[in-house]
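Number of protein chains: 2
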Amino acid sequence: MSQPALTIASLLTDPSLKQACHRWLRGGRYRLEYLGATPDPVRELERRCDSFDVVLLQQGAFPGEAYGELVAQGLLLPAVVIGEVNGRTDYHEAEVHLPPDQLEQLSYSVDAAVSRFLRRGLSSAPPAPASVPSPALAPQAGWGLPSRIKDRLGYLGVFYKRDPSLFLRNLPEQEREDLLASLERTYRDLLLSYFRDPAAANQAIESFVHTAFFSDLPITKAVEIHMNLIDDFSKQLRLEGHKSDFLQDYRLALIDVMAHLCEMYRRSVPPDLPVGAAIAEASTPMDSASSWG
Amino acid sequence: MSQPALTIASLLTDPSLKQACHRWLRGGRYRLEYLGATPDPVRELERRCDSFDVVLLQQGAFPGEAYGELVAQGLLLPAVVIGEVNGRTDYHEAEVHLPPDQLEQLSYSVDAAVSRFLRRGLSSAPPAPASVPSPALAPQAGWGLPSRIKDRLGYLGVFYKRDPSLFLRNLPEQEREDLLASLERTYRDLLLSYFRDPAAANQAIESFVHTAFFSDLPITKAVEIHMNLIDDFSKQLRLEGHKSDFLQDYRLALIDVMAHLCEMYRRSVPPDLPVGAAIAEASTPMDSASSWG
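Just so you know, the sequences run in chain order A and B.
Add 485 to the 1-based position in the first sequence for the numbering used here, that's all there is to it.
Add 485 to the 1-based position in the second sequence for the numbering used here, that's all there is to it.
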């Protein structure tokens, strides 16, 4: 199929940001539609919300309350917010943040935004189809996958599949290096804010973990990124005549990243068949009954 | 199917160990056959290797060279060795070690032994079906899943599925507590040997990670086990008037565990369909062409 898989509404206004995002979302999987030049982009998004799968926002481009009307109407879409990680929420709590110096990860952030949105929608959905919807659940209706993405992704079940063409090992050499350098910048943000600004650190952790997951980053590579950065910090501190012992505390950051990533993988292993049943099923056509003990 | 899924050859000789293993392998999934009472148990295993899926060994029950003949003939089976974690290998490198005070994890160790064996077999198999087998690969033939387990598990592909009935959350209350207490003992062994005996620590790490994986242990629970044990150590050291700062170094052990567990989960996520293709496939029956942007 040559049709784009995801239609993205872009509310970016900064021209260089637009250009960079366009570059990192090339390929057949995305169709970008720019609403930033319309008289009232948020209003335009509101009007045509139903024709988009994902929205791309620029931090601070519109006043904070601009998205309030969308939220009030339950018009929620998976969202990527381009801007510094500062721990604040622009649109809704399942949005994904990506700093402008890390746009190499934009495809991964788009996947992460859809994945987070789906999970969020599922976790706030009424517990069983037969149950009577409680009034308390009504304000969360927007999470009930109301957009057209519901119909399309609904069939895939709980899990949004990863795209192997985005896996680190499947990228051309130069893109692989770009992505790793970008991930290093994310991890650097994470370390710098880890003890100073936990909310910002959390956004950076999520950004790192999402890209690590969707790029199928080998775990040793994540550990390596941590060690190299700590090594750099340590050298710099010693050059400046400072102590560097406290850097050991940053092992907590790595534990945090590992725990998040591990949990993300854990939840992505599909519900399994019981081993016995699976073996029985697989063996039926060729094992004679006598080979069973 | 009421037939047992796995037939286990037990070479245990210690009566209380036999009894305990029998207790922890109850249920319909296993059929235990005791060879320990035959005149020459290893010889008996050699003779009937083909009728077993897994072998249960007792560390030190037979001289170290007893299994050499099996290995020489390429008679390899997934193996669980009951005994202290000491970093030594009894039978072959894919064997799984479990100390006798942690037998609550025996079912998980059996699954781990099969899983490790399958992976080991696959990683040493000739790279492509069409390639000419090189003589260098010949001594590894035993890893080529030669036993009947090959025919039965081969159909499941690379991954040995987890059994949800073994998941922590699906266990009865008392068994859940037993398993957690057992995991704590494994983690304690791991910490105690971490800096002193890396080979033993590795076996303990693998034992912990296998059970965590096959019991679908929430990641926060693994972190909690670490923190509780470090807390206990710290209190005890302070009571005895010692410093406890060095305990921070044990964060490296937790990073090690997380990295292992994360990598195990990562490799268990099945090869995915490209997102675009999956969406297109799922949407074909119900989306009209016009809804594609």
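Hints may contain errors.
If several chains are the same, the list does not tell them apart, and a pair holds so long as it fits within one copy or across any two.
To be verified - Think about it this way: if two alpha-carbon atoms lie no more than 25 Å apart in a straight line, the pair counts; the simulated DMTMM-like pairs of lysine to aspartate or glutamate are:
1) K728 <-> D716
2) K503 <-> D682
3) K503 <-> D734
4) K720 <-> D730
5) K720 <-> E531
6) K503 <-> D730
7) K706 <-> D741
8) K706 <-> D586
9) K728 <-> E658
Rather than coming from a laboratory, the hints here were simulated on the basis of the structure.
We went through each hint and held it up to the structure:
In this homomeric assembly, K728 and D716 come within 25 Å of each other (Cα to Cα) only inside a single copy, at 13 Å, whereas the closest approach across copies is 27 Å. For a Cα distance limit of 25 Å, the shortest separation of K503 from D682 qualifies neither inside one copy, at 29 Å, nor across copies, at 55 Å. Within a single copy, K503 and D734 get their C-alpha atoms no closer than 39 Å, and across copies no closer than 46 Å, so neither meets the 25 Å cut-off. In the homo-oligomer, the alpha carbons of K720 and D730 lie at most 25 Å apart both inside one protomer (12 Å) and across protomers (24 Å), since each shortest distance falls under that limit.
In this assembly of identical chains, the alpha carbons of K720 and E531 never lie at most 25 Å apart, being 51 Å within a copy and 58 Å across copies at closest. In the homo-oligomer, the alpha carbons of K503 and D730 never lie at most 25 Å apart, since the shortest distance is 43 Å inside one protomer and 51 Å across protomers. In this homomeric assembly, K706 and D741 come within 25 Å of each other (Cα to Cα) both inside a single copy, at 16 Å, and across copies, at 13 Å. When the C-alpha separation of K706 and D586 is checked against a cutoff of 25 Å, the pair qualifies only within one copy, where the shortest distance is 21 Å, while the shortest distance between copies is 36 Å.
When the C-alpha separation of K728 and E658 is checked against a cutoff of 25 Å, the pair qualifies neither within a copy, at 38 Å, nor between copies, at 50 Å.
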